[in-house]
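Chemist: Model the placement of chains B and C on the given structure of chain A, informed by the hints.
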Amino acid sequence: MPRLPVTKTPKPYVGGAFIRSESGRTRPLADATGAFFAHVPLCTRKDLRNAVEAAAKAGPGWARRTAYNRGQILYRLGEMLEARRAEFAAALTRFGARRAAALREVDAATDRLVHYAGWADKYEQLLGGVNPVSGPYFNFTVSEPMGVIGVLAPAEPPLLGLLSLVAPVIVSGNTVVVLASEPRPYPAILLGELLATSDLPAGVVNVLTGLRADLVPTFATHAHLRGLSAVADAAERRVLDLGAAESVKRVRYTPDAPLAAWLGGAAQGLEPIRAFVEPKTTWHPIGA
Amino acid sequence: MAPPASSRRPRRPAPELLFGDLWPYDPAPETADPRIRPEYDLFIGGRFVPAADGTRFTSINPATERPLTELARGGPADVDAACRAAAAAFPRWSRLPGAERGKYLFRLARLLQDRAREFAVAETMDNGKPIRETRDFDVPSAAAHFFYHAGWADKLAYLAPGRTVAPLGVVGQVIPWNFPLLMLAWKIAPALAAGNCVVLKPASNTPLTAVKLAELLQEAELPPGVVNIVTGPGATGAHLLAHPLVRKVAFTGSTEVGKVILRSVAGAGKRLTMELGGKAANIVFADAPLDQAVEGIVNGIFFNQGQVCCAGSRLLVQESVAERVVAQLRRRLRVLRVGDPLDKNTDLGAIVSREQRDVIRGYLRAGVAEGAELWQAPFRAPARGFYVPPAVFTGVTQSHRIAREEIFGPVLSVLTFRTVEEAVEKANNTPYGLSAGVWTDKGSLILRLATELRAGVVWANTFNKFDPASPFGGYKESGFGREGGRHGLLDYCAVT
Amino acid sequence: MRASSAPPALRRWFAAVGPVDRVGVEERVAKFTTRSIKKAAKVQGLKLAVSMVDLTTLEGKDTPGKVASLCRKALRPHDDAAVPAAAAVCIYPSLVRAARRALGPRSPVRLASVATAFPSGQTALATRLAEVRRAVADGADEIDMVINRGAFLAGELTRVRDEIAAVVATCGPAALKVILEVGELETYDHIRAASCLALGELRPGDFIKTSTGKTATNATLANTQVMLEAIRDHYLETGVAIGMKPAGGIRTAKQALHFLVAVKETLGDAWLTPARYRFGASALLNDLVRQLEKERTGAYPAPYAFSEAAESY
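Chains as they are written, first to last, in this note's numbering: chain A, 2 to 289; chain B, 139 to 634; chain C, -9 to 303.
To be clear, the hints were calculated from the coordinates, so they are not data collected in a lab.
Any given hint could be a false lead.
What the hints assert, rightly or not - Facing chain A, from chain C, some residues (calculated, C-beta under 8 Å):
(1) Asp11
(2) Arg12
(3) Val13
(4) Gly14
(5) Thr177
What the hints assert, rightly or not - In the EDC-like style, the derived pairs of lysine to aspartate or glutamate whose C-alpha atoms are separated by at most 20 Å in a straight line are:
(6) Lys603(B) x Glu16(C)
(7) Lys28(C) x Asp164(B)
(8) Lys397(B) x Glu247(A)
(9) Lys58(A) x Glu563(B)
(10) Lys580(B) x Asp179(C)
(11) Lys29(C) x Asp164(B)
(12) Lys408(B) x Glu272(A)
(13) Lys284(C) x Asp164(B)
(14) Lys21(C) x Asp274(B)
(15) Lys58(A) x Glu559(B)
(16) Lys408(B) x Asp234(A)
(17) Lys21(C) x Asp164(B)
(18) Lys408(B) x Glu247(A)
(19) Lys58(A) x Glu560(B)
(20) Lys284(C) x Asp70(C)
(21) Lys244(C) x Asp164(B)
(22) Lys204(C) x Glu49(C)
(23) Lys28(C) x Asp159(B)
(24) Lys408(B) x Asp257(A)
(25) Lys32(C) x Asp164(B)
(26) Lys32(C) x Asp159(B)
(27) Lys29(C) x Asp159(B)
(28) Lys58(A) x Glu590(B)
(29) Lys37(C) x Asp164(B)
(30) Lys21(C) x Asp485(B)
(31) Lys293(B) x Glu272(A)
(32) Lys603(B) x Glu17(C)
(33) Lys12(A) x Asp32(A)
(34) Lys37(C) x Asp159(B)
(35) Lys397(B) x Glu237(A)
(36) Lys482(B) x Glu17(C)
(37) Lys32(C) x Glu285(C)
(38) Lys408(B) x Glu237(A)
(39) Lys12(A) x Glu88(A)
(40) Lys28(C) x Asp485(B)
Computed from a predicted model, the values in this text were never measured in an experiment.
Glycine included, every Cβ here is placed at the ideal spot set by N, Cα and C.
This is chain A alone, in the form it adopts within the complex (with noise of 0.2 Å):
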């Protein structure tokens, strides 16, 4: 007789625990062939409201730490994403990804880490600066993180482009909530788990599945949330620039684009971390 497989029950990655939605829901995920996966969360914007508090206690201790600290914590991340391969590209092919497809989203995550990673301690000489005043001053900008910063992951592909938008933010020492790519969450479920075995503190990145038109809103909404990071449509850019108003949040779109696009060393860079660094200038008189 086959062994009868133990099946997963997917559950988001919140302040360093797994949760299940407060409000209980799910909905029946199905993998490529039509069969039944799983039953997924649909997280409320309670179960935001929960992770953006884990995500802000998260913060300062995350910010504190060195930049050196931080780049290590993540090229770790690569290194347990790379042992891990297989596993992450049997998730996308589960649901559809040819296995060439899978395994160059995979490697290529796993890269975005590794260059994030370097970046830690040297976007700040490139950033920040003495600036030549004219008086008796020193001046100088350093890059700070903004806070809690929403993320909006793409539906493609789910698991690099939730990865290129989570990285350049949380490598400045902000803290993340992400929504996963609703149609695909399953590779980010299962970074969840890598990232409750890593280094990464608990609460730094904080993964929710649900529903985009039930957590949109609140994204948008969310005054503690200081940033949004977001792929996402005409109309939801209008919901999302609505509320940020509101709390006049600082909103950065990445273009929706297919897997290709995400590949090049154009999805990476400085850019993505400048956006959410917040330049704090300060004077001192030189004199005594």
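Modeler: This is chains B and C only, laid out in the frame that chain A set:
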């Protein structure tokens, strides 16, 4: 023998200084001719043109309440014409070699320096701020901004090494009334250096130096349409920023209006720089150089009659020195001279408008009603004009309206703290995050606070300092984007 | 502010009196220079400044003859009777008798003598005190002493303080001016600390003074401001009003008016009197008189029109 009731010896009154009229300063009015024309038109496509509907509005001198000049009241049709003119000018202007664009900006800086005194007087008459400030700060700083950004025009590639830097197109800019010419320079100079074309709407209270600057644009032979200036009411600004040709919105003003603008451009995909309100904490530790701290407090909240978004309107002073600092502050305020803005010895001039004066008075009443103790410097109000003498509230708590809301006037709220942590908590306990001040002799404490204060500008042992090379802008609801320096310039560029 | 009986260790003393930020104080005083003093205010300020001048000669080549002409100049700076007399003449101790003769016994111009091994102060305390005693005996109304900068910089604050106290006691009825020699103290922190140290030993009617005029840095608006603020703090704390004397480097009427603006806006009206404020100067007096003459006639006079002018070209 004294009756038992008064057995306590009468105390000698505490020694106090006397700031009287033993040696009064005579009036010292600035007499340079501001060269104000009786009427000004809109500046569109390099020419002065009347508003499409032919209407005008009056700008008054808030120090005298007398009319200064009549200006064209631009409306939607004029905004449209201006945006089209800017869009038409954009291809040539943006393709001009950077060095050539830069030379126009250098010219503007020089032309403004040549006519500095005239602009200073005009600004003082239009805004009410003292001539000492327009002469020594507003106008020279405006010229410095043009000069600084001029030099960037041929160096844009260095802004983002390894990437392509390009201008955005037509930029819509709406500026406030508190630093009319300086805010214009903050907006126009980086926009042009990056190769953008501009439509700018000055504040309806203070449009004069903007239209005077249009004369300089002609003198500089700036290509027509590169900068267009549309005067008019707030609604005209809203039309401008929402105009489909405008690819970038740059706004400085209140958080309230900023939110309205953000809503109006929602989903339009415009680039945004918002420089909004503030409620800055100015934190004085017991070990601070106290006389310089008092000077910084004064400069922080009474500069420009307190009509400054980054004003240090919340004084947080360590309990052990609070009494001494407040006493010293009051002494200092006794010698601040409030009055005729054109008098070279005036420290505080007129409030920009009757409405703003009334708003400030409303807050004074609110502070008293909520139980804070109000002290105002002795002051003889001129017969006409909108004046508010320096006001200091003590006994203020975090929940008082005067400690939470931006007043935009010469009103200081004094709160106390005991520990560093408490100071940081109180300072950050606000939706705003534009600026903050720290006063202490301890270097490591300065660096700690410079890290923990959630504000875009931290002045340590100084306050209200500005420079074209120094990025300025806020956290949280004080806005986003920066103005000044490399950071400010990048906000006018597309980096791909 | 007076130190406890324990020796005021330098560190502790600095903590007690508080620091001064250089850039801040220099920005503050720059504002004094933008005050516009015109017409009647100018005339009043110039006359006030004349009445505050300690007309000074402190040179090796000074003689009774030179001092006598200086005294006449101080008594009558200009032919115009509306111009007041100077506050004092300030000379070396060996010339006090000659000056007393020139001024007469009850002169409106006071007679000040430097003493205490001016300008360095580098002799035994007994010698310095003897010099003070002799100058007072010879007829000096005021003594300008120097503090022991070496002891101050070595952290021996008790010694500095006790020496000042000894001079105060030796002065008797003569007013004392304590010269800090700001150029040698170098920092504003030191200037404030030394000011506060001296103020604690002084009597109403005494002064603190910036400098000897014999070093590169003399009175500036900024170092004078630091001292004015120390005087203010001392007055507010103790009720004892001490005077201020900037000396050296103030050569023009315009400068003097800026210094007076600083007094008006820092200490107030009660210090706008020669009893509490002096200028240690020589060339200044003639420039003040010259500007007064310009205000009176509307024409710019030549420098040689004034007696004792150094410029004869």
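Chemist: Look at each hint and say if it fits the structure.
Modeler: Cross-check of the supplied hints:
1. Using the Cβ-Cβ criterion of 8 Å, the hint placing Asp11(C) at the interface with chain A is satisfied: the shortest such distance is roughly 6 Å.
2. Of the supplied interface hints, the one on Arg12(C) holds, with its beta-carbon coming within about 3 Å of a beta-carbon of chain A, less than 8 Å.
3. With a cut of 8 Å, the hint placing Val13(C) at the interface with chain A holds, because the nearest CB-to-CB distance is about 3 Å.
4. The interface hint given for Gly14(C) is met, as the beta carbon of that residue sits about 7 Å from the closest beta carbon of chain A, less than 8 Å.
5. About 7 Å separates the beta-carbon of Thr177(C) from the nearest beta-carbon of chain A, less than 8 Å, and the hint is met.
6. Of the pairs offered as hints, the one joining Lys603(B) and Glu16(C) holds, with about 15 Å between alpha carbons and a cut-off of 20 Å not exceeded.
7. Proposed proximity of Lys28(C) and Asp164(B) is supported: the alpha carbons are some 6 Å apart, at most 20 Å.
8. Restraint check: the Cα-Cα separation between Lys397(B) and Glu247(A) comes to about 6 Å, which is no more than 20 Å; the hinted pair holds.
9. With a C-alpha separation of about 15 Å, the suggested pair Lys58(A) and Glu563(B) falls inside the 20 Å cut-off, and the hint holds.
10. A distance of roughly 14 Å separates the Cα atoms of Lys580(B) and Asp179(C); the hinted pair therefore holds under the 20 Å criterion.
11. This hinted pair checks out: Lys29(C) and Asp164(B) have alpha carbons roughly 7 Å apart, not beyond 20 Å.
12. Distance restraint check for Lys408(B) and Glu272(A): the Cα-Cα separation of roughly 17 Å lies within the 20 Å cut-off, and the hinted pair is therefore satisfied.
13. Of the pairs offered as hints, the one joining Lys284(C) and Asp164(B) holds, with about 18 Å between alpha carbons and a cut-off of 20 Å not exceeded.
14. Distance restraint check for Lys21(C) and Asp274(B): the Cα-Cα separation of roughly 10 Å lies within the 20 Å cut-off, and the hinted pair is therefore satisfied.
15. Taking the CA atoms of Lys58(A) and Glu559(B), the gap is about 17 Å. The hint holds against a cut of 20 Å.
16. Note on Lys408(B) and Asp234(A): the hinted pairing holds, with a Cα-Cα distance of about 15 Å set against a maximum of 20 Å.
17. As the CA atoms of Lys21(C) and Asp164(B) are separated by approximately 17 Å, the hinted pair is consistent with the 20 Å bound.
18. Between Lys408(B) and Glu247(A) the alpha-carbon distance is near 17 Å, which keeps this suggested pair within the 20 Å criterion.
19. Under the criterion of a C-alpha separation no larger than 20 Å, the hint pairing Lys58(A) with Glu560(B) is consistent with the structure, at around 19 Å.
20. A C-alpha spacing of about 12 Å is found between Lys284(C) and Asp70(C), which places the hinted pair at or below 20 Å, so the restraint holds.
21. Taking the CA atoms of Lys244(C) and Asp164(B), the gap is about 16 Å. The hint holds against a cut of 20 Å.
22. The hinted pair formed by Lys204(C) and Glu49(C) meets the criterion: a straight-line CA distance of about 10 Å does not exceed 20 Å.
23. Straight-line distance between C-alpha atoms of Lys28(C) and Asp159(B) comes to about 15 Å, which keeps the hinted pair within the 20 Å bound.
24. A hinted pair counts as satisfied when its Cα atoms are at most 20 Å apart, and Lys408(B) with Asp257(A) qualifies at roughly 18 Å.
25. Proposed proximity of Lys32(C) and Asp164(B) is supported: the alpha carbons are some 8 Å apart, at most 20 Å.
26. Distance restraint check for Lys32(C) and Asp159(B): the Cα-Cα separation of roughly 14 Å lies within the 20 Å cut-off, and the hinted pair is therefore satisfied.
27. A C-alpha spacing of about 16 Å is found between Lys29(C) and Asp159(B), which places the hinted pair at or below 20 Å, so the restraint holds.
28. Restraint check for Lys58(A) and Glu590(B): satisfied, since their Cα atoms lie roughly 15 Å apart, inside the 20 Å limit.
29. Annotation: proposed proximity of Lys37(C) to Asp164(B) holds, straight-line Cα distance about 16 Å (limit 20 Å).
30. Among the hinted pairs, Lys21(C) with Asp485(B) is consistent with the structure: their alpha-carbon atoms are about 10 Å apart, no more than 20 Å.
31. The straight-line distance between the Cα atoms of Lys293(B) and Glu272(A) is roughly 19 Å, inside the 20 Å bound, and the hint therefore holds.
32. With a C-alpha separation of about 12 Å, the suggested pairing of Lys603(B) with Glu17(C) holds against the 20 Å cut-off.
33. At roughly 17 Å between alpha-carbon atoms, Lys12(A) and Asp32(A) fall within 20 Å of each other, so this suggested pair holds.
34. A hinted pair counts as satisfied when its Cα atoms are at most 20 Å apart, and Lys37(C) with Asp159(B) qualifies at roughly 16 Å.
35. Under the criterion of a C-alpha separation no larger than 20 Å, the hint pairing Lys397(B) with Glu237(A) is consistent with the structure, at around 19 Å.
36. Under the criterion of a C-alpha separation no larger than 20 Å, the hint pairing Lys482(B) with Glu17(C) is consistent with the structure, at around 18 Å.
37. Between Lys32(C) and Glu285(C) the alpha-carbon distance is near 8 Å, which keeps this suggested pair within the 20 Å criterion.
38. In summary, the hint linking Lys408(B) to Glu237(A) is supported, as the alpha carbons are separated by about 15 Å, within the 20 Å threshold.
39. Of the pairs offered as hints, the one joining Lys12(A) and Glu88(A) holds, with about 17 Å between alpha carbons and a cut-off of 20 Å not exceeded.
40. In summary, the hint linking Lys28(C) to Asp485(B) is supported, as the alpha carbons are separated by about 17 Å, within the 20 Å threshold.
The earlier numbered hints are all upheld by this structure, with none contradicted.
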